[in-house]
Amino acid sequence: MSSLALHAEKGRPVRTSLIRQYIPLLPPGLILLLFFAIPMGMMMGLSFQPKGAEAASLANYGRFFTDDFTLIGLGRTVLMSGLVAICVTVMAYPVAYFLARSRSPWRAVVFALAIAPELAGVVLRTYGWLIILEDHGFINNALLWLGVISEPLPLAKNMFGVVVGLTHVILPFGVLSLLTSLQGVDPNLEKSAQILGASRLSVIRHIVLPLTVPGIVSSMLLAFTMSASAYATPAILGGAGFKVLATMVYEQVLFYVDWSFAAVMANVLLVMMLIVAFIGSRLEMRLHKKLHF
Amino acid sequence: MTSTDIELVKLSKNYGSTPIVRAIDLTVPQGEFVSILGPSGCGKTTTLNMIAGFTAPTSGQIRVRGVDQNGVPPEKRRVGLVFQNYALFPHMTVKQNVGFGLRMQGKNQADIDAQVKKALHSVHLDGFEDRYPKELSGGQQQRTALARAIAPRPSLLLLDEPLSNLDLKLREAMRIELKDVQRELGITFVYVTHDQEEAMAMSDRIVVMQESVIAQVGTPSELYSTPRSTFVADFIGKSNIFAVTPTRAEAGIHHIEISGTGLELLAASPEPDQTEIAYCSIRPEAARWIEGRSRPDRPLNILPVEINKIVNLGAYLEVWCRHQSDTVIKSLISAARGAHLKPGVNIELTIEPAAIKLLSK
Amino acid sequence: MKLAFLAASAVTLSSVVTLAHGQDLIVNSYGGPYEQIIQEAIIKPFEEQYGVRVIYDAVGSSQQDYAKIKATNGRPGFDVVVMTASQSLEGCREGLLEPMSAETVPNLAHLNPAISAVAGPCGAVHEIQYLSLLYRTDKLAEAPTSWKDLFNEELADRIILPTFANIMAAYLTQVMSSVHGGDLNHNIDPGFEAMARLAAQAVGFEQASAILESYIADGRVWAMPFWDGRAQLLVDSGAPVDYILPEEGSVPLIATLNVPAGADNKELALQFVNFFLEKTSQESWVQSYKVGSARPDIEVTDEARARKITTQADLDALLLPDLDALSANLADWGMRWEREVVPAAR
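Protein chains in written order, with this note's numbering: chain D, 1 to 293; chain R, 1 to 361; chain L, 1 to 346.
Incorrect hints may have been included.
27 Å max Cα-Cα, derived BS3-like pairs, lysine-lysine [said to hold, decoys possible]: (1) Lys-179(R) <-> Lys-290(D); (2) Lys-330(R) <-> Lys-191(D); (3) Lys-134(R) <-> Lys-289(D); (4) Lys-191(D) <-> Lys-361(R); (5) Lys-179(R) <-> Lys-169(R); (6) Lys-51(D) <-> Lys-279(L); (7) Lys-361(R) <-> Lys-330(R); (8) Lys-191(D) <-> Lys-10(R); (9) Lys-76(R) <-> Lys-290(D); (10) Lys-118(R) <-> Lys-191(D); (11) Lys-290(D) <-> Lys-330(R); (12) Lys-134(R) <-> Lys-191(D); (13) Lys-191(D) <-> Lys-290(D); (14) Lys-118(R) <-> Lys-95(R).
Distance windows between CB atoms, simulated [said to hold, decoys possible]: (15) Asp-138(L) <-> Leu-144(D): 52 to 60 Å; (16) Gly-32(L) <-> Leu-79(D): 31 to 39 Å; (17) Gln-105(R) <-> Leu-144(D): 39 to 47 Å; (18) Ala-217(L) <-> Gly-62(D): 42 to 50 Å; (19) Pro-113(L) <-> Leu-144(D): 20 to 28 Å; (20) Arg-75(L) <-> Met-44(D): 21 to 29 Å.
Treat the hints as calculated values from the structure; they're not laboratory data.
Where is the CB? At the ideal position from N, CA and C, for every residue including glycine.
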């Protein structure tokens, strides 16, 4: 049994056995095992037991990947998440830049406004968007009343509505993520660029943006994964025809009661997100190196 | 005739109700190497930031070549700036860094390449074009920052303690290089530092700042030999400073008593009014050790002292001596001469009356 | 010493809770106005008669409750739950629900056997609704009489349909199939073809009954399929609506009382089920919730007679689906719905 020898202050060696070293890991390890590893394992196993089948089989996976309906659902999930990732990052960047650089007293207010909506929860805000975007909601009614349009614009119950809703919900996370990255850029770099003749826009284009690309990648990754697993917003703002993996899983569990197929969908979602996360983090690492930090 | 490059007229800056810079006036002729020297918090960096345009003054004017800079953003002021931490763009090569200002000016690539080459040559970094900042040593980074600042040919260069991150030997070498570049290119340098040795070594003139105002402006030798306040006397070089009470004056010689000690000295420096004399300043090298029995003929301040401690400065010894009046006076004695001196030994010091500076504050 | 104290308290507390539970019955059903009705009509009388306390759990739809039963392998934490005949069949097959017989629930004998058969041995049919045609009295010149009236030109963009995740959709497809020459269970193509045509008339699809209701309540749609119980409640609330049982007939929504196989208070639960099936309870339920009953021997008002399933004749006229077949077909029909019906709407 190997042991680690530490010397206490008085010079006496203190031996801590390897086992005792790992004891503090036990409680969290146990929790992870019980509430994460085992259920994940069960879900994996479930996906290989189609309804009515005796032995383990890949039948449900086959079903998933040969049915264009489920594949469209997968594609829609990826598209939706990608769009949200872009929208969140593009909108969060100026806000994060302001928070990182400005010394105006409005900073605290902007920060609160950016983060506070999280307190209201997802469902409340999503229904709020429904009221604003639906065919006889706030925007359409206003435009109809003004005579700008004669038919309501389809702003809800489609990809547009879902992307708007999800962007709103995920934006605070994007802001926080980009804020960290922006704060890592030495303000003297911007000042140097300025004094060398760069306008504010040039400074952002030549200095700030390139140096925050890793932050941009990680913000997009964050927004992507949060979107891909979102349920409430696509369900409420997407309408009946808008099926993404999360809503499809819900249906399989509760309506069709085909838990095996639901597990297949959940696993596909998980693997898809892992692939994206993997690609994203490799990209981020490579960019970091390229920027010679 | 040299034209005036920079004029600061009653320049002030407050943060809230705290004054950081209070109504400073300064004129800098073109081509001068002027240092702004002072302890931390005296307002020197803020003054630099105002000249660069990063901070707007609360009141007062900044004129560069006669043009009022009020409202002109940093990118439109044709000044260069070298930061303490160099602030090199880490994602660009040395060549791209140095060429950045020219790029912003819209010059074509061929011109940029030529200018970059020249600038790198000035700082002895030929051949470093394709390196990245993180591959450079501290000194190389410093020189790259300098090259970047001078490449767009500004008429004025601001430097914010650029050498403080370097070790001593490198610092001393860089001082010479900086001075060479400045003289070669004829650019006006405004150099902010807290290191008085550095300022003394490089500057044509030094502006000493203390607590948001200018304490004194002058050439290094002026400041050294005729400080106008105990602050300047103490900040520049070393000094023995005592509070004094003037007893009487006759024929240009002031009799002063080191307050509360009864030790009387004769001082021959000009001072306007007898009643204003409150302090005196004596450089350690002016307190000379008399060896042997030879005494000069003129009446000089002769003090018998006992050595308290000796600080070895290499070529010189700083000898702390105590007079019977309990006054401690530091004397600078060449190490060769004072090789056998030890604490407890009694010696005699003499101070030339002209070397005792009389100050009112 | 501390450990012993903690252990002792834990044991005491759990036994106290179990004892307390021993006196209580946990009944899981719907919330909202339904909750008030069931409390008045069934639960309070039961509590009085049996001298026990009923804890009412309104959390979760019947689908979510079934998922809970399945996930906990029959020990979901409640003793009685209101679900549907489909879930009764599936739950029974999986061994998650307690079978009921004439011994344990005597009143089962009084129910229409055909209807009981649809629900299987683990479900007690306590309520029957039928799929009605709900319409705005102020918008339609004449009251509709047939399912085919939904296809009328005047109703273009004036109807709303359920999403497939609402079981109403599958039932509606079956009805349409029957109306258009197919049958309820196997020859379903005419049903889908009709639904595609009907989708062209629809403004969209919604999931929840409450939201479906809102469309006709505020006049965005003028006619829609809807369960008769809720339709009646809407009429009673004063909205300018009415509903019919179309001439071609309709399918029922057979609601059941179920007892999970691992319920703590099984005996009391079965007694509750039996109580719900009493003549008086069924009469009370029909009158209060405006639904039909599977007991043909109840005495209710003429009004209820006229509009609800309350007689043998009414029960016989229902188009009864084979729920096992439906369950087997559900996934395929779901796909067909998404492919053929949903795109036809926009």
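Against the structure, the hints come out as follows:
1. Lys-179(R) <-> Lys-290(D): violated, 36 Å
2. Lys-330(R) <-> Lys-191(D): Not OK: Lys-330(R) and Lys-191(D) at ~46 Å, beyond 27 Å, violated.
3. Lys-134(R) <-> Lys-289(D): holds, 11 Å
4. Lys-191(D) <-> Lys-361(R): violated, 39 Å
5. Lys-179(R) <-> Lys-169(R): holds, 16 Å
6. Lys-51(D) <-> Lys-279(L): Roughly 40 Å between the alpha carbons, so the hint for Lys-51(D) and Lys-279(L) is violated.
7. Lys-361(R) <-> Lys-330(R): holds, 21 Å
8. Lys-191(D) <-> Lys-10(R): Cα-Cα ~25 Å, so holds.
9. Lys-76(R) <-> Lys-290(D): violated, 31 Å
10. Lys-118(R) <-> Lys-191(D): holds, 24 Å
11. Lys-290(D) <-> Lys-330(R): With Cα atoms ~57 Å apart, Lys-290(D) and Lys-330(R) exceed 27 Å; violated.
12. Lys-134(R) <-> Lys-191(D): holds, 20 Å
13. Lys-191(D) <-> Lys-290(D): holds, 23 Å
14. Lys-118(R) <-> Lys-95(R): Holds - the C-alpha atoms of Lys-95(R) and Lys-118(R) are around 11 Å apart, at most 27 Å.
15. Asp-138(L) <-> Leu-144(D): 52 to 60 Å: Since Asp-138(L) and Leu-144(D) have Cβ atoms about 24 Å apart, the given range 52 to 60 Å is violated.
16. Gly-32(L) <-> Leu-79(D): 31 to 39 Å: Because 37 Å falls inside the window, the suggested range holds.
17. Gln-105(R) <-> Leu-144(D): 39 to 47 Å: Check failed, 53 Å falls outside 39 to 47 Å.
18. Ala-217(L) <-> Gly-62(D): 42 to 50 Å: holds, 46 Å
19. Pro-113(L) <-> Leu-144(D): 20 to 28 Å: violated, 57 Å
20. Arg-75(L) <-> Met-44(D): 21 to 29 Å: holds, 24 Å
Against the hints set out earlier in the document, violations occur for numbers 1, 2, 4, 6, 9, 11, 15, 17, 19.
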